[in-house]
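S.K.: Read off the chains here:
There are 4 protein chains.
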Amino acid sequence: MKKVKVAIIGASGYTGLELMKILINHPFFEIAYIATTEGGMKASDLHPSLLGVFEQDVYKADATQVAKVAELAFLALPHKAAMGFAKELLSLHVKVVDLSADYRLELEAYEKFYCEHEDKENLSSAVYGLPEINKEKIKQAKLVANPGCYPTASILGILPFLNYLKVDAPIFIDAKSGVSGAGKKPSLSAHFVTINENIFAYNPLMHRHEPEISEKLRLVSGQEFEVNFVPHLLPVSRGMLVSSYLQTNELINAKAILEDFYKEAKFVRIRENPVDIKSTAGTNFCDIFVTQKGKSLFVSSSIDNLLRGASSQAVVNANLMCGFEESAGIPILAYVP
Amino acid sequence: MKKVKVAIIGASGYTGLELMKILINHPFFEIAYIATTEGGMKASDLHPSLLGVFEQDVYKADATQVAKVAELAFLALPHKAAMGFAKELLSLHVKVVDLSADYRLELEAYEKFYCEHEDKENLSSAVYGLPEINKEKIKQAKLVANPGCYPTASILGILPFLNYLKVDAPIFIDAKSGVSGAGKKPSLSAHFVTINENIFAYNPLMHRHEPEISEKLRLVSGQEFEVNFVPHLLPVSRGMLVSSYLQTNELINAKAILEDFYKEAKFVRIRENPVDIKSTAGTNFCDIFVTQKGKSLFVSSSIDNLLRGASSQAVVNANLMCGFEESAGIPILAYVP
Amino acid sequence: MKKVKVAIIGASGYTGLELMKILINHPFFEIAYIATTEGGMKASDLHPSLLGVFEQDVYKADATQVAKVAELAFLALPHKAAMGFAKELLSLHVKVVDLSADYRLELEAYEKFYCEHEDKENLSSAVYGLPEINKEKIKQAKLVANPGCYPTASILGILPFLNYLKVDAPIFIDAKSGVSGAGKKPSLSAHFVTINENIFAYNPLMHRHEPEISEKLRLVSGQEFEVNFVPHLLPVSRGMLVSSYLQTNELINAKAILEDFYKEAKFVRIRENPVDIKSTAGTNFCDIFVTQKGKSLFVSSSIDNLLRGASSQAVVNANLMCGFEESAGIPILAYVP
Amino acid sequence: MKKVKVAIIGASGYTGLELMKILINHPFFEIAYIATTEGGMKASDLHPSLLGVFEQDVYKADATQVAKVAELAFLALPHKAAMGFAKELLSLHVKVVDLSADYRLELEAYEKFYCEHEDKENLSSAVYGLPEINKEKIKQAKLVANPGCYPTASILGILPFLNYLKVDAPIFIDAKSGVSGAGKKPSLSAHFVTINENIFAYNPLMHRHEPEISEKLRLVSGQEFEVNFVPHLLPVSRGMLVSSYLQTNELINAKAILEDFYKEAKFVRIRENPVDIKSTAGTNFCDIFVTQKGKSLFVSSSIDNLLRGASSQAVVNANLMCGFEESAGIPILAYVP
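Residue numbers (my numbering), protein chains in the order written: chain Z, 1 to 337; chain F, 1001 to 1337; chain C, 2001 to 2337; chain B, 3001 to 3337.
If we strip away everything but chain Z, and leave its shape as in the complex, we get:
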């Protein structure tokens, strides 16, 4: 079978690297084009671990060039930068999986929490790329907004219980992320000495992933929930653990509901014991554990923030958009021990 040619725009960061690592061995995709803002080096100059493995040239990003060589492009760019490229690529009939926040939210919310939107037209037709809720739409999409890492883990944990939740009770989400989620750019808050042997919350009740979570819960359930979201930085490089604290209307069998809800899911695993982040690191799995005390639930969900929270979920979306099996080429072996 002839492989589908794809482009990666934004190859210098961590999610760009993860995209390459997945696509290098993908059975149906072929990396035809890689770009950064600057261009003019090899992939192994950006990521020394690729020396001798993948040394393709990296270009200065150019949508016209992409359209000449690729049918689909992954955008691993900052928000705002992404929408410019997406708009142009779509006009050139290139499918787009956008890993930024640019097409994740409804217009009003986007402009409230980010900035003015410069591609309102495509925004309205973009599909939110969480396969567990939108698989059929993703298959038809030209533009998929790849979910944020926190929303992925949070929504997957809460989804099975949505119909059972007390609508007027707040949802509390205590999330913990590895530092790679904050990107590669040096800063005092990413300095080893700041993070090591430490933990702290940041942007509590004010993080931009909070509206993403509440909007999606509303769209799925038709109900408005108060979502209180607090992220923390962990002294680990990769991985994300999300603790959701929920209140149900009546006594339910949470474990049974959870298992039933995901019985067909390829990339959700239900755990008997509290989940950890090493068992999902390196994979596209979301592991979920639930326990309860009466009508109070504790849901613990774990993902690899760079994979299920970004790059491998993006490739799952690309698989679906191109008519391939959703699990084709998707990593399932964890970085353990």
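Among the hints, a few may not be true.
[As the list claims (entries may be wrong)] Quick list of in silico lysine-lysine cross-link-like pairs, PhoX-like style, CA-CA up to 25 Å:
1. C:K2042 to Z:K266
2. C:K2080 to C:K2142
3. Z:K295 to F:K1112
4. Z:K185 to B:K3185
5. B:K3042 to F:K1255
6. C:K2255 to Z:K42
7. Z:K295 to F:K1293
8. B:K3266 to F:K1042
9. Z:K293 to F:K1112
10. B:K3295 to C:K2295
11. Z:K295 to F:K1142
12. B:K3295 to F:K1042
13. B:K3185 to C:K2112
14. Z:K293 to F:K1166
Calculated from the structure, these hints are not laboratory results.
Based on the hints, put chains F, C and B in the right spot on chain Z.
M.R.: Below, chains F, C and B without anything else, positioned relative to chain Z:
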């Protein structure tokens, strides 16, 4: 001034070590006796970092010997082992600060979550050693039950808001602890490879510190709250961060209430920004931050699990029991950077 | 093509897990049998990250059963336990890759540093499985002794310079290993609190990998070198960095010699900058850097202690023994970032 | 007794913080003045852990002001910046302990490895502040050049054996440092994700501490040694382990020589087992272990890079310069567990 002689029973563990580190330089206490289950070595054999610093002999624990040389004893023993010693020491007129769980709970709760209690008499007169709620009682006490690490951080965070809480709304506490809290004993769950680059919950909604927290909140407020407590193990050696998610009856000014509540407290610091654990590691401080969204509160409290959560709080209690200034000899300089 | 069936004896440890992770996706091998000392569980009970990925039954190890279903067996057992199995398996015409120390050394050295050897016959025909020195012999071998992790990284770093070394000058090797190299068994020295934020040497100048290194250097060069080997434990889970300090007879161009020596090597990469361990973690690569000051050389070599230092090198050896391309199914994408 | 007033110039970095932590509780010194390049904040703004502990005003550095209020100044500034201040302070009769490299080397070496020297006059009279070799000179000094962290640990390990070393054999020093040694400034090489679960050499055989080590060994011994120095960055915040590989002329009893050499030293501890960095972290100790194989020695020395390698050694020097007991106010209790 002549120093008060004290004993440390249980010197081989982490809290025993921390007791020694504080008491070596204490202005009013003198370590007169150190013991472990075995005895027969020097303190620096148990803890090599003490070489050349503190090399006192370590004896096989014997209450009669303690009574001959010391006025007050710190028990850094496992629960159950502690109550035997405490009973005997008290009968010999030695004051006791017990770092175990043996005298922390009311009888019924203790026997439900731990084991049969063998010293019911002293249990009923033991004082719960959280100075922020019991300072005057501690001053009169012969036996102080030093609080658990999780309850210390949790209660201090929730206390200022107790009168404002919705009584029928559950309290959710998401706690994160360094591994030293689990003790020095080797186990697969304390193995470096298990913990490093990882995080996971343990005993969710079933940890024995949950009844300790809810009992104390009830005793202070006269109200029964549903406490849902989930501890996590962090890949750090020391430190504890506790996130409490609360719901108030009406809109309050949480920050102002917090500041007012602790305006006289020596060892509670109110933070403008989310607290971290490195700023309290090495000290007896509890740092607290609060933020809110309407009637939902996020309280973040940080302590050193081995100090404010055990050994330095024990010495504060001993200070009070002996009529000294509560801050005498108590560490306040953090282990930063 | 029909796959060659293989067995893994000793599946509960870290190297057993890594063998499974490689062989699950191997193009020419199929895991036909997995065993531990006990048996009676699934692979995912031993290693929870395999849930939903690989759940094959695990048996109590039995050589006769192995011979019925497999052509080649990997022994991931402690030394001494390995030689019993190897002997029996070889007599049943099963090829063996032994990851223990049992067949690595000449008899005299083995018995001096380990214990009495109970399979002297096979010892004499075992091939030391470092492909860079023994590729042709490995292709013919029935029994391959997979090298130790430290010797792999040390020998690969020193080998290119062997002919240039001052014979009467000692070689100094300062090695640093992640904790997984010490195995999964709980111990105080593998306790998180012991290792975290720490580093220390162990068995300096007395480690059993020292005679393995010096024996192989002697066999290759025909010269006896004094090898001084000091291993250290690092606060990392996986990875190994070996610094070798060498003295040459005359001024050489170390970089050029190094590049030339490995110009055909599939799994050795020469670096322009000092190597790190994250760029080889997750792969079978050995990355090497050299610099010099006159006739003093500093060689820095990096491997994944569990892969190039154990399991992936074992599969390379199995590839060669079965006539496959040496790189078939061998991991080359690092666990970065 | 009236305390001696001191100034800290350069309070924003890690060594500035450590100076404050020591001097806050010093029995004979009082912090009279703190400065940074900018000034205009409190000490607890620079270092949040000081909130409620030490909130003194921080000024824009000004030598004239220093001279008005302090008898001695600690300079915790980058090299080059330091010499300007030192020169002016000395002319105003303020004693100086300079923590930078500016006065550590002889002129020629300094200008070769750093930059042009702008205070040659004071350079010639500066005393190298390693008390184990220069205690008497330090007592008379107006200007002490506080040693580098690597030279401190290296020289203390090698010193006892200097008279026994083969002069024509190279010395190899493999050093490992926590990241705080590289300072607080954000950079990709100090990014958590770069350092965590990693280790690598930097500036091998080219680090500027190499000439500092060889110069001091030459000055003490009268012999020229070839020093080959390779530093590595460890995934720890603080601590330094230095492995020195030495060759002696004849068979010596290294352990006995080491013990004898330091029998009077207050801040050197000889260890029976390989040293670790946690046992010295938080203290001014240098722990040393030696073992040998014939005439090859392995010396392992451990210090806290920020304390013995900078700030506490600076205070020891200040103690000596002011006629106080060398150990006054110097930390000896390690940051364990």
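S.K.: Take the hints in turn and mark each one as holding or not.
M.R.: Verification of the supplied hints:
no. : hint               : in the structure
1   : C:K2042 to Z:K266  : holds, 20 Å
2   : C:K2080 to C:K2142 : holds, 19 Å
3   : Z:K295 to F:K1112  : holds, 22 Å
4   : Z:K185 to B:K3185  : holds, 13 Å
5   : B:K3042 to F:K1255 : holds, 22 Å
6   : C:K2255 to Z:K42   : holds, 22 Å
7   : Z:K295 to F:K1293  : holds, 23 Å
8   : B:K3266 to F:K1042 : holds, 20 Å
9   : Z:K293 to F:K1112  : holds, 17 Å
10  : B:K3295 to C:K2295 : holds, 21 Å
11  : Z:K295 to F:K1142  : violated, 42 Å
12  : B:K3295 to F:K1042 : violated, 34 Å
13  : B:K3185 to C:K2112 : violated, 52 Å
14  : Z:K293 to F:K1166  : holds, 18 Å
This entry does not satisfy hints 11, 12, 13, going by the numbered hints stated previously.
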